[in-house]
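Chains as they are written, first to last, in the numbering used here: chain A, 5 to 211; chain B, 5 to 211.
Note that these hints are calculated values from the structure, not bench results. Since we're looking at a predicted model, the values are computed, not measured. Some hints could be false.
[To be verified] Chain B is nowhere near these chain A residues, computed Cβ spacing over 10 Å in every case: (1) A31; (2) G113; (3) A140; (4) A174; (5) V198.
[Unchecked claim] These stretches of chain B come out as covered by chain A in the derived footprint (C-beta under 8 Å, 3 or more residues): (6) 108-115; (7) 197-203.
Think of the CB as a built atom: it goes at the ideal place given N, C-alpha and C, for glycine as much as any other residue.
Number of protein chains: 2
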Amino acid sequence: MSHGVVPAEVARAARGGLAPVARWLHAVGITANAITVAGVALTIVGAALLVVGQPGAALAVLVVGALADTLDGAIARAAGGGTRFGAFLDSTADRLADAAIFSAAAALGASQGDPILFWAAMVALSASFLVSYVRAKAESLGAVATVGPAPREARLVIVLAGVAGWAILALPPLFVAAVAAVALLSTLTLIQRVVAVAAALQTKSDR
Amino acid sequence: MSHGVVPAEVARAARGGLAPVARWLHAVGITANAITVAGVALTIVGAALLVVGQPGAALAVLVVGALADTLDGAIARAAGGGTRFGAFLDSTADRLADAAIFSAAAALGASQGDPILFWAAMVALSASFLVSYVRAKAESLGAVATVGPAPREARLVIVLAGVAGWAILALPPLFVAAVAAVALLSTLTLIQRVVAVAAALQTKSDR
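Only chain A is shown next, with the shape it has when bound in the complex (with noise of 0.2 Å):
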């Protein structure tokens, strides 16, 4: 699968260090499931603490967040192999997520009075949204549509090293680009996916 902006081989070796992780969670019995519903738990509360101004806690809950959300494709593995039902649950805790996340920057954009950050944040929720969605709706019609360089990894990735600056480099401005970068690249992507599922399914004459 392409990762659009984060390297194949950074995304190799991440899955890679967390295989051994995963086969002892899935030793003591810890399903794909439960680690899918604790990491948008914690993606939550980390979008919490940064609406009430906690930037360093909230990189640390959302980067557990995070892992736990590569963690639980890794025991789906380590098990065997993923249900029907964890795809399908592991994909709406994603949206879940970008929503809380997206939903606070929009929250501290609008408590600051930064027309920049609020609007920014609403077109990063909703093109990410949309990317998603046009994803799950074109296969559902018998068609791909993966391309694009702002796939989750990617947004999630941009936010997280938007969240550092603001928390490690006290920059809150790298936030606000941050958000904005999704914003901005969300959108292409939700233009090249539609224009791909128009070139495969436009089949017959536009009526």
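Chain B: place on chain A using the hints.
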């Protein structure tokens, strides 16, 4: 198809009344996809009118946008059936229209310092998207998830009633109540759909 809080007879009557209009538009060469794009463009304009505090103009534009949204399907039927790309475009445009309306509500909540409107709008936006996403994702995995009281027609009717309450009765709290109602009903619908998909997909044991 279920229309939730909109009685089936009302939905049927609306479609029946629009059929001659649809046949005429088809006869003069206007395509379903053109009406889909016009409908979402009108909805975005209507949402922008809400943000700048013009509920009367917003109501007029949003109602025309909603009619266009119903007309596209009728034109496709008048043309002898829709294309798969038409179905894809229609669904994607609906999500974009929802994003515009609830982003406008969130912006109003932010600019008026009304946390209830802001958070109701964020939940309505995210839950509406998730309701549609869960259905598309379930279909891509071979399951069906169409249950619940808040499919798109119901959400649209509730929001338009709220805008009408604000514009015609000069009662802005009716708009806040409508957005809050959509947030609540969408969240309930989301939970119902996830449960329905769990029942349909969890044939293999949970690993």
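Hint by hint, here is what the structure shows:
For A31(A), the condition that its CB be more than 10 Å from all CB atoms of chain B holds, with the nearest at approximately 13 Å. With a closest Cβ-Cβ approach of about 7 Å to chain B, G113(A) is found to fall inside the 10 Å limit, against its non-interface label. With a least beta-carbon separation of about 4 Å from chain B, A140(A) fails to lie farther than 10 Å from that chain, contradicting its non-interface assignment. Every beta carbon of chain B lies more than 10 Å from that of A174(A), the smallest distance being close to 25 Å; the non-interface claim holds.
At roughly 7 Å, the least C-beta separation between V198(A) and chain B is not larger than 10 Å, which violates its mark as non-interface. Closer than 8 Å: that is the beta-carbon criterion, and the region 108-115 of chain B has 4 residues meeting it against chain A, so the requirement of 3 holds. Here's how the region 197-203 of chain B fares: 3 of its residues keep a CB closer than 8 Å to some CB of chain A, so the rule of at least three is met and the hint holds.
Checked against the numbered hints above, the structure breaks hints 2, 3, 5 and satisfies the rest.
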